[in-house]
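One-letter residues, chain by chain:
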Amino acid sequence: MPAVDHRVEVLVIGAGASGAAVTWRLAEAGIEVLCLEQGGWVDPTAYPAMSDDWDIRRQTDFHPNPNIRRLPADYPIDTSASPIDPLMYNAVGGSTIHWSAHFPRLHPSDFRVRSLDGVAEDWPLSYEELEPFYDLNDRMMGVSGMVGDPAYPPKSPRQTPPIPLGKLGETMVRGFEKLGWHWWPSDSAIVTRPYDGRRACNNCGPCDLGCPIGAKASTDVTYWPRALRHGAILETGARVREITVTRSGLADGVVYHDAHGEVHEQKARIVVVACNGVGTPRLLLNSRSAVFPDGLANGTGLVGRNLMFHPYAVVRGIFPQRLEGFKGPIGCSVISQEFYETDRARGFVRGYSFQVARGLSPVATALGGISNPPLPWGARHRRAFDAHWDRGIFVAVIGDDLPEEHNRVVLDAELSDAHGIPAPRILYTLSDNSRRLLDHGIARAGEALAAAGAIDAVVTPLLRTAGWHLMGTATMGSDPRRSVVDGHGRAHEVKNLYIVDGSAMVTGGAVNPTSTIQALALRTADHLVRDARNL
Amino acid sequence: MARVFADSQVPVMRACLNRLIPAEGDFPGAGDLDLVDHLDRVAAASAATRRMFADGVRAIELESEHRHTRAFAELDGPTQDAVLEGVERVHPVFFEALVCAVYGAYYSHAAVIERLGLDVRAPQPLGHALAQFPEAITEAIGKRPPLYRPA
Chain A
1 MPAVDHRVEV LVIGAGASGA AVTWRLAEAG IEVLCLEQGG WVDPTAYPAM SDDWDIRRQT
61 DFHPNPNIRR LPADYPIDTS ASPIDPLMYN AVGGSTIHWS AHFPRLHPSD FRVRSLDGVA
121 EDWPLSYEEL EPFYDLNDRM MGVSGMVGDP AYPPKSPRQT PPIPLGKLGE TMVRGFEKLG
181 WHWWPSDSAI VTRPYDGRRA CNNCGPCDLG CPIGAKASTD VTYWPRALRH GAILETGARV
241 REITVTRSGL ADGVVYHDAH GEVHEQKARI VVVACNGVGT PRLLLNSRSA VFPDGLANGT
301 GLVGRNLMFH PYAVVRGIFP QRLEGFKGPI GCSVISQEFY ETDRARGFVR GYSFQVARGL
361 SPVATALGGI SNPPLPWGAR HRRAFDAHWD RGIFVAVIGD DLPEEHNRVV LDAELSDAHG
421 IPAPRILYTL SDNSRRLLDH GIARAGEALA AAGAIDAVVT PLLRTAGWHL MGTATMGSDP
481 RRSVVDGHGR AHEVKNLYIV DGSAMVTGGA VNPTSTIQAL ALRTADHLVR DARNL
Chain E
1 MARVFADSQV PVMRACLNRL IPAEGDFPGA GDLDLVDHLD RVAAASAATR RMFADGVRAI
61 ELESEHRHTR AFAELDGPTQ DAVLEGVERV HPVFFEALVC AVYGAYYSHA AVIERLGLDV
121 RAPQPLGHAL AQFPEAITEA IGKRPPLYRP A
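From first to last, the protein sequence lines stand for chains A and E.
Note that our numbering gives residue 457 to position 457 of the first sequence, counting from 1, and the numbers run on in steps of one.
Note that our numbering gives residue 4 to position 4 of the second sequence, counting from 1, and the numbers run on in steps of one.
Hints listed in this document are in silico derivations from the structure and should not be mistaken for laboratory results.
Model, not experiment: these values are computed from the prediction.
Among these hints, one or two may not hold up.
[As the list claims (entries may be wrong)] Derived DEER-like restraints, expressed as beta-carbon distance ranges:
| hint | chain 1 | residue 1 | chain 2 | residue 2 | range |
| --- | --- | --- | --- | --- | --- |
| 1 | A | S416 | E | A136 | 55 to 61 Å |
| 2 | A | P225 | E | R51 | 41 to 47 Å |
| 3 | E | R41 | A | R482 | 49 to 55 Å |
Just so it is clear, CB atoms sit at the ideal spot from N, CA and C, and this is done for glycine as well.
Starting from the given sequences, assemble the full structure and let the hints guide the process.
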């Protein structure tokens with residue numbers, strides 16, 4: 001039986017980072033909202049971090065790549081024409097279940113790249129307009145960090161103090177300090193003191209395997225309990241096949257498969273799509289009708305185009321001393337934004353951040369982590385393991401990924417999911433600007449690691465396992481000929497259809513996007529609360 | 001579910017594992033630990049992996065018998081390595097899967113974890129002590145002029 005048997009006010013598709021935020025805000029405002037999520041609830045007590053085989057499960061049922069994980073909630077993705085694999089988790093909480101919770105914001109300049117740097121498009125909103133929603137989202141998620149970072153305009157106080165640097169972070173900070181480069185403790189959506197009924201982080205390490213104590217802000221422990229208390233309805237195991245439309249071109253609901261595979265129709269007055277930068281264009285392109293023969297809201301042909309990933313390069317410095325890198329949140333210690341803003345003398349536009357991650361577990365060390373091949377087998381194995389185990393610092397170069405129309409999500413001609421719904425195919429080529437940017441970052445990361453005392457460095461010029469950030473496939477803009485949605489996430493062509501995930505991002509910036517995606521979702525929700533009844 | 005590796009193949013597996021991660025110092029060889037059951041579970045994950053692992057181990061046996069006329073477990077170490085290198089060349093997907101499965105099993109085994117100087121336990125619920133962040137160390141960097149461009 002479907003959870004609701006009548007036309008709902010608002011139907012949200014996807015219960016991840018942005019779907020949870022928009023659902024909470026609407027429910028809190030007293031608006032009837034139903035969310036359909038293809039995955040289910042993940043029991044925190046069943047997270048790998050609680051079990052002895054935790055270090056193997058990163059390779060199996062908690063692998064970030066759905067093509068490897070292959071859980072029933074996952075759908076396949078053809079990545080044969082992409083050097084980067086999209087990563088995601090399909091469940092209540094979405095990819096916040098397995099994210100590392102690194103939580104920086106975009107810079108003010110990221111919203112004006114055309115005006116400032118002559119590339120891509122300006123966003124139809126400014127940092128200042130988004131700032132109140134960044135702040136609200138920070139309070140909902142709970143952020144550890146510290147004000148005073150010269151890389152950003154002044155921010156409101158963080159909810160809890162920063163995550164400690166540990167030996168690994170302190171070592172890297174010495175390198176940045178020696179060079180006179182910027183660094184700052186990362187804003188992290190991980191609370192270091194009890195907050196909002198959640199326990200403080202206990203520094204266990206593998207945040208990517210789920211946080212059983214709720215210190216990490218996955219939306220199943222932040223937004224969803226509140227949303228449900230306010231009356232939101234969440235149906236899990238519900239995979240949406242298509243968004244349906246009226247003859248006049250309004251969205252009027254969805255067709256979906258329930259957990260038993262049965263097909264249902266759900267009518268709604270407003271449809272909000274929150275399926276991530278791959279799932280959203282897939283759904284829109286699968287929603288073909290007489291009114292929208294090329295896919296919903298796709299009269300311009302822009303749905304699926306301008307896919308951005310954030311290309312990552314990695315330099316792993318090898319140190320002579322042990323670093324206790326297995327302690328502390330895996331993706332969060334130090335960020336450096338010395339090279340974030342455009343300096344054309346470097347030979348490229350835009351810039352990058354350094355994200356300093358923690359060390360590898362024993363199994364991950366042997367397998368080369370996410371950036372290198374497995375260590376050699378045989379007589380050389382033990383020496384190689386000893387050289388790497390707990391002696392590595394992983395510096396990721398996160399490059400600004402500018403939109404290019406040929407980088408896109410299309411429907412695969414042959415591949416489909418368990419319900420026969422056509423699967424996405426990724427077409428992506430790294431731009432020359434991105435290559436120059438990453439090469440610059442690789443060289444600077446090597447300098448920073450050497451200054452910190454590294455005796456060797458292993459370079460990964462482009463990380464394949466890096467498609468954490470799925471952006472740009474239904475971009476927002478003021479011009480309906482050059483964008484899919486407006487500045488509030490509303491589709492130009494379908495006035496009761498909204499997109500609130502990373503698809504709407506105009507450019508990627510050079511930081512992890514979740515705080516921005518959620519802030520945008522909250523802003524869209526505010527717009528809906530104000531204006532929905534006038535539609 | 002039937003086992004992927006027959007009882008008769010256990011000696012082959014153990015010998016193979018001891019060449020992939022040989023004993024050294026305090027650390028046991030991978031074949032000296034009881035990892036074959038784990039590998040059997042990995043191999044049994046799907047019909048495709050069952051076939052791949054079964055064919056791969058059979059290839060190790062055949063390579064030994066045809067090229068060296070002896071069972072793999074009876075060969076000396078360097079010859080076993082040569083056999084494995086040959087199988088790695090011809091069956092790279094199987095061989096990488098085998099190596100990864102062995103690394104996973106070995107480095108999560110209590111005997112190895114102990115020798116690495118770690119507590120033998122899951123990360124939770126104990127975690128590690130969370131120190132206070134020493135805010136004073138940001139003093140110098142915090143005095144830098146703004147790095148961001150006003151928009």
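We went through each hint and held it up to the structure:
1. In this structure, A/S416 and E/A136 meet the distance hint of 55 to 61 Å, their C-beta atoms being roughly 57 Å apart.
2. Distance hint check: the CB atoms of A/P225 and E/R51 are about 46 Å apart, consistent with the given range 41 to 47 Å.
3. One distance hint, 49 to 55 Å for the beta-carbon pair E/R41 and A/R482, holds here, with the actual separation near 53 Å.
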